[in-house]
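*Asks:* Each chain, letter by letter, is given below.
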Amino acid sequence: MNDYIKIAKNGLWTNNQALVALLGLCPLLAVTNNIVNAIGLGLATTFVLVASNVTVSIFRNQISKEVRIPIFVLLIASFVTIVELLMQSYFYDLYLILGIFVPLIVTNCAILARAEAFASKNSWDKSALDGLMMGIGFSLILILLGAMRELIGSGTLFDQSSLILGSLGDTLSVTVFNDYQGTLLAVLPPGAFIGLGLIVAVKNYFDLKKV
Amino acid sequence: MIKAILKSGMLLLVFTMVSILFVSWTQDTTQEKIQYNEEQLLIKRLAELVSNYDNDILKEKYDQVLTLHGIKQTIGIYPAKRNGQTFAYLVEHTYPNGYNGSIRLLTGISVDETLLGVRVVAHKETPGLGDKIETRKSDWIKQFTGLSLSNPTQDNWKVKRDGGVFEAFTGATITPRAIVTASYQVLELFNKKSLLIKAK
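Those protein sequences? They're chains A and B, same order as listed.
If you're matching positions, the first sequence starts at 1 in the working numbering and goes up one per residue.
If you're matching positions, the second sequence starts at 1 in the working numbering and goes up one per residue.
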């Protein structure tokens with residue numbers, strides 16, 4: 001049991017892919033200008049992580065060392081393509097926004113890194129948990145950064161959540177500041193770098209305090 | 001040695017085949033739904049500019065390759081008909097000189113050469129400034145409805161800063177200027193109908 005708690009903690013905090021490994025920054029920085037985009041990409045990434053981890057783990061004894069990387073990339077690319085197709089058919093409005101970033105999940109090194117560092121050495125249930133936790137850890141940072149940028153940038157929260165939740169989402173959208181003109185810096189790419197930098201700083205502060 | 005290479009090769013082959021199988025199966029099952037989604041989006045876009053047409057507008061779409069806005073481009077044309085009579089054309093074209101690359105526009109023009117409206121299909125303008133050309137951000141782009149080559153006069157078909165009648169957004173002039181210019185030029189092209197309208 002202890003093992004599982006360790007895996008969870010590792011994914012969510014200690015070895016958080018976005019904050020510690022600093023992997024997958026391209027999609028992380030690109031789509032986090034509001035919460036809904038962040039949730040969308042977070043879910044897609046988590047799904048791919050779990051699927052690739054489980055598959056890699058199941059076939060870990062058959063995959064020979066020499067060709068493991070091409071096989072991992074092949075598996076990840078296939079899962080991403082499948083996610084993209086599913087998104088196109090069931091969440092089309094969201095796909096229109098995330099569109100070009102979904103294929104980029106393939107290049108998210110976090111996924112390949114987990115396949116190589118964890119799934120190729122552990123049983124499938126542990127690998128599934130690892131993928132799930134790494135995915136959730138990554139998604140939480142996406143959502144936090146999305147919330148910060150949306151709030152500062154446009155003064156709203158959960159704007160356009162109907163893209164994911166249907167009509168239920170309309171009630172969720174909150175305009176926090178009325179007549180807010182918006183802060184362009186937060187919406188543009190520099191805002192993403194500054195925001196991520198601040199979150200990393202806060203995490204490091206807590207980590208150092210404990211020692 | 002040879003045996004090891006063969007084994008790795010076989011392994012790659014098997015994984016590739018299985019992956020292809022799964023991906024193509026997914027594509028096969030989602031294809032219809034995706035196509036339906038794309039069509040619905042297009043119909044929604046067209047319906048914002050023209051209603052009460054009774055033809056199958058998507059099927060009757062055709063392309064013309066022409067020089068417009070200074071570049072050779074493929075222009076998509078949707079003829080809107082009622083009782084077999086064409087009363088408007090929806091023209092999808094690209095204006096290459098936005099603030100940040102090209103802007104894809106859908107312009108509705110009725111046969112009497114007045115604008116039924118202009119909508120942005122795709123753009124990369126600055127979020128928060130230039131993106132006010134989207135209808136979900138601002139009503140700015142709706143002001144083009146009802147205008148024509150002579151209304152306002154040619155000298156006034158510019159943003160206010162250039163001495164015309166069109167309001168620009170605070171902090172962004174290039175984007176509105178692009179839309180104004182693009183709308184005027186597509187009207188000019190439509191004026192030479194023979195270029196745009198396909199002979200039966």
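Rather than coming from a laboratory, the hints here were simulated on the basis of the structure.
Just so we're clear, the structure is a prediction, and the values are computed from it rather than from any experiment.
You may find that some hints are simply not true.
[Said to hold, decoys possible] Straight-line C-alpha distance at most 30 Å; calculated DSSO-like pairs for lysine-lysine:
no.	chain 1	residue 1	chain 2	residue 2
1	B	Lys-132	A	Lys-65
2	B	Lys-192	B	Lys-81
3	B	Lys-81	A	Lys-126
4	B	Lys-44	B	Lys-132
5	B	Lys-3	B	Lys-44
6	A	Lys-121	B	Lys-158
7	A	Lys-65	B	Lys-44
8	B	Lys-3	A	Lys-121
9	B	Lys-7	B	Lys-33
[To be verified] Cβ-to-Cβ under 10 Å is the rule here; a few derived chain A residues that face chain B:
no.	residue
10	Gln-62
11	Ser-78
12	Thr-81
13	Gln-88
14	Tyr-90
15	Ser-154
16	Thr-156
17	Leu-184
18	Val-187
19	Ile-199
20	Ala-201
21	Tyr-205
22	Phe-206
23	Asp-207
Where is the CB? At the ideal position from N, CA and C, for every residue including glycine.
*Asks:* Decide, hint by hint, whether the structure agrees.
*Replies:* Cross-check of the supplied hints:
no., hint, verdict
1, B:Lys-132 x A:Lys-65, "53 Å, violated"
2, B:Lys-192 x B:Lys-81, "20 Å, holds"
3, B:Lys-81 x A:Lys-126, "62 Å, violated"
4, B:Lys-44 x B:Lys-132, "20 Å, holds"
5, B:Lys-3 x B:Lys-44, "59 Å, violated"
6, A:Lys-121 x B:Lys-158, "66 Å, violated"
7, A:Lys-65 x B:Lys-44, "52 Å, violated"
8, B:Lys-3 x A:Lys-121, "25 Å, holds"
9, B:Lys-7 x B:Lys-33, "40 Å, violated"
10, Gln-62, "7 Å, holds"
11, Ser-78, "4 Å, holds"
12, Thr-81, "5 Å, holds"
13, Gln-88, "5 Å, holds"
14, Tyr-90, "8 Å, holds"
15, Ser-154, "7 Å, holds"
16, Thr-156, "12 Å, violated"
17, Leu-184, "5 Å, holds"
18, Val-187, "5 Å, holds"
19, Ile-199, "21 Å, violated"
20, Ala-201, "26 Å, violated"
21, Tyr-205, "31 Å, violated"
22, Phe-206, "32 Å, violated"
23, Asp-207, "34 Å, violated"
Violated hints for the displayed structure, listed by number in ascending order: 1, 3, 5, 6, 7, 9, 16, 19, 20, 21, 22, 23.
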